[in-house]
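Asker: Chains as they are written, first to last, in my numbering: chain V, 1 to 171; chain U, 1001 to 1448.
Calculated directly from the structure, the hints in this document are not laboratory data. Predicted, not measured: the structure shown is a model, and the values here were computed from it. A virtual CB, placed ideally from N, CA and C, is assigned to each residue, including glycine. Don't take each hint at face value.
With a straight-line cut-off of 25 Å between C-alpha atoms, the simulated DMTMM-like cross-links for lysine to aspartate or glutamate are [said to hold, decoys possible]: (1) V:K151 x U:E1377; (2) V:K151 x U:E1041; (3) V:K151 x U:E1333; (4) V:K151 x V:E109; (5) V:K151 x U:E1034; (6) V:K151 x U:E1026; (7) V:K151 x V:E113; (8) V:K151 x U:E1006.
Which stretches of chain V does chain U cover? Using the computed rule of at least three CB atoms under 8 Å from a CB of chain U, they are [to be verified]: (9) 30–40; (10) 97–109; (11) 153–164.
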Amino acid sequence: MDAAERLFRTYHATLVRYLTRRLGDRDWAEEVAQETFVRALRQREIVNERAWLFTVANNLVRDEARQDSRRRRHLTLLREEARAQELAEPEPTSLERAQEAAIARRAVEALTERDRLALLMREEGLDYPEIASALGLSVGSIGTTLSRARKRLVEAYEALQRRAGDGHAAS
Amino acid sequence: MQHPDEGTIHGWLDGALTPEETSAIESHLATCAECGAAVAEARGLRAAATRILSALDDVPAGVVPAPDYFADVRAAEAAGRASRRAARPLWRRPGVRAAAGLIAVAALSWAVMREDRAPTREGTSLAAPDTLGMDPAAATTESTQATTRQEAVSARDAALPTSSKARAGDGQTASGAAKTTARPQPPAAHRAPEPAPEAYADQETRLRRVEEARRADSGVDLQSRAAVTSSAPSSVPPPATAGGVAGGAAARTNAPQGAIMAEAPVPRIVIERGYVDSVLAADSLETADATPAIGRAPAAQRRAAAPQLERVESPRPAGSPTTMRAQGCWLLETSEWSPRFRSTDTLRLLPRRIELRLDRGVADEAGERLVRPAPAEPAFAMGTTGIWRVIATNQIRLTIATHERWTTVTMTVGEDSLSGTARAYSGVDRLLRRAAVSARRVVCRTEP
């Protein structure tokens, strides 16, 4: 197995999951991950592979978000089509999961960018120095960042769940 | 040492502290109850955050709303109710309901029953997530990536100083049970705040436990089930016991009315109003002496037959310890449902008192047994069926369903109590509701 293949096998799944959680779009996540690995191949030497990959992926997302809103609109349209197709065969588990996912998505969106990225990277197993390096923070601040992120995420999620319940009861 | 702040506690749980910091915080925690509580809270937050984030995984493409979608939602909220319809989740839109209605109803009962027969996956997914430290629903996703993740974790742990490896492993495990294969316990003094004393060490162990529980509960039955299939293949109905519309209609045509079944040397199956009960073969070790099952009779007839049968007790244990502790009558306390049931919605399926019986239904692929209202309660409405089964050691799930709505309750079995979560899904308003449920044991008394 050559270095590129090893890198891909080791980190592709975790990077795609991280990006999917962050972007809410699996296809987009796959694209960013692919571009990240392409760049890794061009790189002669990477000291900390995981931190490097997540940093590059973060930068790609940021650049892309800046310059390519048109493509996102297109993706939104595609998503609508996909939704319409799925509605032909709804099943309870997917409805329930979609509901949970929607609330989870909103809760994640409620976090600040820094808290969100730190938490999502931690969930993928990055250690504190890796997270600090990817986000340009000091290692000492990561614990505080993560504790705040977790607390806010859970609070936001619970508040949204309550609101969803009240909203329905009122309607 | 001063009380550690939240960041330090999270750092400790994440295995990110230096050995010196680690031993300082650990010796402090050994004596400080206040910080013990803070650690427990932090553990809870870590587990909850992991669970929430895992809800974002593995959802069919197109179901996860785009970030733009939530911008719309926020704008709508800010502007009052201006664009309420657009903001409403997809599955609540009236047009969507209309379009999907019939298929959903038909698919629902089938899917419910089918879901209940996949204990290793689904059984864990409804298990109280907080006590497992992660969302079990993520386990399937996790396991597919376990190799990758394991390598990553190993690589990371290898880089840590030896003294902190165990703790790093511990922190890692708590953030996702599938992430590591070992879960070193912190010193005894620190176990008190641990909210999940029985958290599974890893995915493998969990699957094995579920499998063991399943085998313990239904293993004996595998043989008798095979006997049912082989000796009476044409009588075995499709698995739509929840009252699949087509199955029910077909069954009605040749159903003997109100049959009450007794022990039989060969499997006997009574098909009645779309429901199928059976008494398994007498050679089944487990059910040879079990209480006779009642075929689904019209409600009046069932009530008439009930008192006589209630007095029949199973003469010897017929199941795993969990089964035996769970069987019997229970008084259920249900918290407020969220979202609330409307006052016009009279069709709540959960009786106030239930009886978990040892009798098995024939669609018994995963140790399903019968649930019904306790003797003094009103019988199930026609078209309602109830089953329960053990999904893991000390965990049971019961499902009560009609063809258009169902309620599942996943509960932990205590000595004389049950507690867990109920989920009620209605095909009518296409809404999932949840409630916390606890139960205490009551005597299965028959009314005169």
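Asker: Hints the structure violates: just list their numbers, smallest first.
Answerer: 1, 3 and 9
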